[in-house]
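Peer 1: Chains as they are written, first to last, in the numbering used here: chain A, 63 to 400; chain B, 63 to 400; chain C, 63 to 400; chain D, 63 to 400.
One copy or two, it doesn't matter: identical chains are merged, so the pair holds either way.
Calculated lysine to any residue pairs in the SDA-like style (CA-CA distance at most 20 Å, straight line):
(1) Lys231 / Gly260
(2) Lys367 / Thr77
(3) Lys148 / Lys210
(4) Lys94 / Ile124
No lab work stands behind these hints: they were computed from the structure.
There are 4 protein chains.
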Amino acid sequence: MIVVMDLRADEKQITNVTKSLEELGFKTHLIKGVERIVIGAIGDRKQILSSGIEVMPGVEKIVPIMKPFKLVSREVKTDNTIIRVKDFSIGGEELGIIAGPCAVESWEQLMETASLVKAAGATAIRGGTYKPRTSPYSFQGLEDEGLKLLAKAGNETGLATITEVIDEKSLDVAVEYVDIIQIGARNMQNFQLLRAVGRIEKPVLLKRGLSATIEEWLMAAEYIMSEGNYNVILCERGIRTFETYTRNTLDISAVPLIKQLSHLPVMVDPSHATGEWKLVAPLSRAAVAAGADGLLVEVHPDPVKALCDGPQSLTPDNFAELMKELIQLSELMGRKVN
Amino acid sequence: MIVVMDLRADEKQITNVTKSLEELGFKTHLIKGVERIVIGAIGDRKQILSSGIEVMPGVEKIVPIMKPFKLVSREVKTDNTIIRVKDFSIGGEELGIIAGPCAVESWEQLMETASLVKAAGATAIRGGTYKPRTSPYSFQGLEDEGLKLLAKAGNETGLATITEVIDEKSLDVAVEYVDIIQIGARNMQNFQLLRAVGRIEKPVLLKRGLSATIEEWLMAAEYIMSEGNYNVILCERGIRTFETYTRNTLDISAVPLIKQLSHLPVMVDPSHATGEWKLVAPLSRAAVAAGADGLLVEVHPDPVKALCDGPQSLTPDNFAELMKELIQLSELMGRKVN
Amino acid sequence: MIVVMDLRADEKQITNVTKSLEELGFKTHLIKGVERIVIGAIGDRKQILSSGIEVMPGVEKIVPIMKPFKLVSREVKTDNTIIRVKDFSIGGEELGIIAGPCAVESWEQLMETASLVKAAGATAIRGGTYKPRTSPYSFQGLEDEGLKLLAKAGNETGLATITEVIDEKSLDVAVEYVDIIQIGARNMQNFQLLRAVGRIEKPVLLKRGLSATIEEWLMAAEYIMSEGNYNVILCERGIRTFETYTRNTLDISAVPLIKQLSHLPVMVDPSHATGEWKLVAPLSRAAVAAGADGLLVEVHPDPVKALCDGPQSLTPDNFAELMKELIQLSELMGRKVN
Amino acid sequence: MIVVMDLRADEKQITNVTKSLEELGFKTHLIKGVERIVIGAIGDRKQILSSGIEVMPGVEKIVPIMKPFKLVSREVKTDNTIIRVKDFSIGGEELGIIAGPCAVESWEQLMETASLVKAAGATAIRGGTYKPRTSPYSFQGLEDEGLKLLAKAGNETGLATITEVIDEKSLDVAVEYVDIIQIGARNMQNFQLLRAVGRIEKPVLLKRGLSATIEEWLMAAEYIMSEGNYNVILCERGIRTFETYTRNTLDISAVPLIKQLSHLPVMVDPSHATGEWKLVAPLSRAAVAAGADGLLVEVHPDPVKALCDGPQSLTPDNFAELMKELIQLSELMGRKVN
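With the sequences and hints as input, model every part of the structure.
Peer 2: Written out as structure tokens, the structure reads:
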């Protein structure tokens with residue numbers, strides 16, 4: 063940790079800051095620069111962040127040196143984390159391909175989608191059952207009924223299942239029915255929910271918040287891991303920017319960056335990232351080429367009639383075509399599709 | 063609702079879209095432009111948004127005309143909503159000044175702050191008891207113990223009290239102890255929690271999410287009101303932008319804009335907006351000059367020793383000085399401080 | 063163009079707006095919705111935008127229907143524009159790979175890079191000669207001397223050459239020496255410079271501005287084309303967002319989106335997009351997989367000693383390795399590297 | 063400057079970096095932290111930034127300590143810079159109020175506006191003559207003819223005059239006619255133009271770029287000052303964010319922040335910041351309350367007929383009313399309107 067003193071800081075201010083740092087348990091190093099004094103403080107980052115050193119007279123700013131995350135960090139664990147779900151795994155050689163509708167609408171809609179994406183090579187079926195919707199007047203999901211359908215579709219097809227939970231209550235139910243629990247972008251900093259999924263054993267897919275920095279995202283994963291659940295899958299789904307042609311901006315750089323910073327697997331959701339089905343195939347290819355460990359793709363048997371997110375859903379035919387492209391591309395990347 | 067057809071849309075596509083719109087209960091108007099066809103669809107916005115008209119062949123895009131919010135809208139209620147809490151009110155002539163520490167740390171710290179801000183003219187005391195922190199390793203608040211201290215401080219000083227809740231469990235406890243329930247920026251789209259505070263009777267202060275548009279923020283208020291609680295206070299606290307000199311960017315335009323769009327009161331939190339106490343006074347003045355109905359200001363008796371947010375906290379002396387400025391300024395604005 | 067009237071607009075206001083629209087040459091259609099009146103106006107977008115219809119009493123907002131760009135639009139020209147430079151072409155089957163140092167520093171540095179990138183399969187050599195630098199105290203480029211070196215390197219290797227111009231004066235010189243003229247991100251809305259490169263015949267590579275929307279970027283290309291130069295190559299190089307781990311955020315979605323909206327070729331600059339050489343290879347692959355027509359990559363024989371942008375430059379070895387990957391990937395995409 | 067070494071950096075890498083730093087003229091300090099080594103490097107920031115230390119093996123990142131700007135910095139000059147133009151001054155007690163139309167359209171339009179804003183208390187008249195427009199098909203200004211009208215209006219009313227220049231050619235003409243030269247947001251990093259206005263003697267109003275950080279903005283001012291022109295006025299005009307209800311987001315915090323960092327005067331342009339005239343008055347008040355040294359406000363005698371920016375222009379009546387409010391408010395702030 064570096065404490066940068068103000069240009070006009072006097073001797074007494076410098077002594078006071080040094081003394082306070084030492085009282086907090088830091089060892090200090092004084093560096094006299096050409097124009098200003100800088101104090102190197104060696105010790106535990108947590109201490110200094112929760113202190114008010116920054117507001118002491120004569121202090122200009124504090125520059126943290128150590129990254130705030132630990133358990134998620136590749137510095138702590140150098141080999142990739144591989145997460146196994148049913149027959150498939152994420153984070154290793156195999157790509158995880160999760161596909162399915164925005165929302166579970168009916169048994170027919172779900173099973174039709176599940177069979178078709180299974181045939182095309184998907185490894186898991188997704189389907190919203192508790193939907194966090196921007197408007198209180200929009201369709202909010204089939205809830206528990208939807209979970210049962212999802213579990214049944216998983217059993218009949220052999221696909222792993224995933225659904226989003228929105229609070230501890232929905233988590234308690236969902237954990238009984240599905241194989242992977244999803245934390246949506248809007249709940250990425252719902253710390254109570256993060257702790258709760260940290261206490262289960264099933265894998266958790268953690269979407270990046272709309273305006274979350276990569277550091278905040280990794281800290282959210284740290285919350286889950288700090289409670290004991292190490293099966294965390296990260297999922298980039300687009301961040302909020304000024305561009306309005308797309309619903310969000312897919313931060314493709316996050317994929318190789320996460321691979322540098324963390325040992326956790328990272329997937330990409332090209333459907334939510336853009337909101338437009340025509341962009342899903344090129345962005346899926348880009349994600350795999352950038353090194354993503356898998357994809358989360360919205361597929362609906364009849365997007366025109368979808369109860370949500372129709373515009374960003376692929377038809378099963380479009381999805382099957384995309385899968386063909388991905389099989390070749392993943393080979394090139396030394397990976398393989400199921 | 064306007065459906066813009068593609069330049070190359072053919073007769074059949076146009077007929078199909080028109081037919082689908084009519085099946086959904088819309089009346090349609092065909093407008094033949096110089097270059098393309100546009101279909102005006104009259105009916106319920108909810109219908110078309112949850113449909114997949116946008117993915118029908120020949121459709122370029124859909125342009126919604128009506129705003130999605132209703133209960134929060136000034137079109138529905140033209141006079142300002144005034145919310146009464148204990149002796150004071152927000153949204154009317156009086157400015158609501160909420161001050162206090164980031165977190166309740168001890169009875170001494172809290173009472174010292176409460177007495178001093180009361181003396182300076184504040185109308186309510188704030189203090190975090192359940193803290194949503196970016197790191198699982200940071201101080202997380204005194205929880206229930208803190209709530210009791212807050213309630214006691216309210217009783218002894220006559221100040222109204224406010225604290226943030228982070229889930230239904232903390233809400234259930236807090237609602238017994240404090241006068242105003244705060245929903246923090248990170249929970250602005252925690253829709254389950256919004257519904258839950260929609261079912262209580264006490265006023266709710268709803269902070270804007272870090273990357274929430276004004277429309278999404280108003281829709282979050284709509285969630286609360288749609289459950290029956292009409293006592294919603296909006297609070298602008300800075301949005302996330304590329305600028306790094308300040309922690310967030312205070313969107314001061316949101317104040318007069320909310321006044322145009324909604325009848326709800328709107329406050330400003332200059333402390334979180336910038337993260338630097340030196341900017342709190344000028345931004346507080348700016349907020350009042352722009353028409354804000356009140357302020358939420360962090361004050362700590364000893365910012366250097368604060369367990370959180372020291373750098374953005376005013377000392378009681380700084381706060382007292384600010385209040386003097388605001389008394390004159392509010393008069394100029396036809397308002398008054400307690 | 064759609065004029066949305068206010069909920070409370072009265073008959074007279076509606077008549078006035080309709081009359082004004084008709085005086086401006088528009089045909090009007092009145093659509094009476096459930097809650098409000100909407101006026102469809104058919105005519106020339108330019109007219110209404112430069113008028114003040116939006117401020118007339120009773121008008122809530124104006125919604126443009128037509129896109130503002132024409133010459134760049136795929137609606138006007140459906141087949142891809144292919145631009146030929148020396149032996150290679152951009153926008154067709156071949157990928158254009160432009161590589162080279164941030165700045166031309168010396169003949170040795172330039173020729174060493176040029177020979178190595180040529181050997182690895184690049185089609186053009188880049189090198190800054192007039193550098194737009196954030197600080198007036200940074201190295202500003204070799205200027206005319208650099209241009210001569212660049213031209214000579216092009217002649218000796220057979221590579222096409224490209225350099226950035228920063229005003230009409232540097233353009234006048236550069237156009238004599240290099241094959242492609244680059245307009246940098248900071249000059250994307252330097253409209254005088256856009257007009258000037260619109261009057262030359264050589265191809266222009268137009269980088270996207272740091273905070274330019276895709277529409278503004280295409281309008282900048284429209285400026286160039288409106289002066290008669292149809293040889294415009296677009297280049298996505300990252301946009302400014304809140305994320306600080308990378309220098310900018312590569313907007314990969316822009317690639318397939320531009321392909322939908324325009325017939326112009328689009329390249330990607332992964333070096334400036336991230337500022338970190340370790341991310342250049344994965345992002346280069348992602349760009350090609352997303353359908354980009356080429357890449358602009360910084361390569362320096364000794365990044366540690368580079369006079370600018372060392373941290374984002376590949377070594378010639380890293381570049382050669384990347385090219386091997388791209389040869390296979392481009393084949394998969396039905397493209398080919400030189 | 064702090065060089066943070068990688069967790070796994072070995073002795074040899076540390077020695078190499080230290081040696082390289084010393085060769086570049088830095089004195090080095092080794093700080094051995096709990097987990098990693100940090101090297102404090104004392105010397106000239108320019109050196110290290112233009113070197114490639116950051117890419118040396120074992121280096122994780124470089125943290126600059128010193129701010130990059132010098133001449134603009136309050137550390138260099140502690141008292142406020144006051145700039146005098148005709149009878150008025152900016153940066154001192156007096157507020158500078160610049161008002162007028164987006165574009166000079168005719169003598170009648172200009173003189174009508176000038177007389178009315180003069181009567182209301184403005185100190186200068188603005189009017190675009192060379193207009194940088196997003197579309198090549200929009201009205202581009204009266205150019206030299208407009209300049210003459212502007213000069214004449216200045217003479218007849220006694221108001222100071224200001225217009226935007228877009229390249230060196232327009233600067234050469236404008237400098238003969240007007241009192242203050244404006245650099246628009248889109249040219250904030252047109253470094254050649256910055257240098258050119260650095261060589262004149264007249265005051266320069268430098269608008270903040272749409273996505274410029276405060277540091278980049280101050281560096282642009284540094285460009286002008288480094289050429290010898292110390293009469294720089296900064297003008298905040300809104301930055302680009304995700305919010306779409308307003309055209310831009312006024313960064314009101316920039317006002318007190320600039321006052322801390324720099325001795326230069328800072329104004330606010332509430333018209334471009336929001337794009338909506340109804341927000342201009344509240345934001346003007348906010349700007350003055352936050353400590354701005356003046357305002358730049360668009361006023362048009364007939365906004366409905368304006369050739370550009372009608373929706374954000376005040377009528378002369380609205381402007382006169384705003385001025386009345388500002389007279390009282392500025393008194394409260396210890397300032398005065400002309």
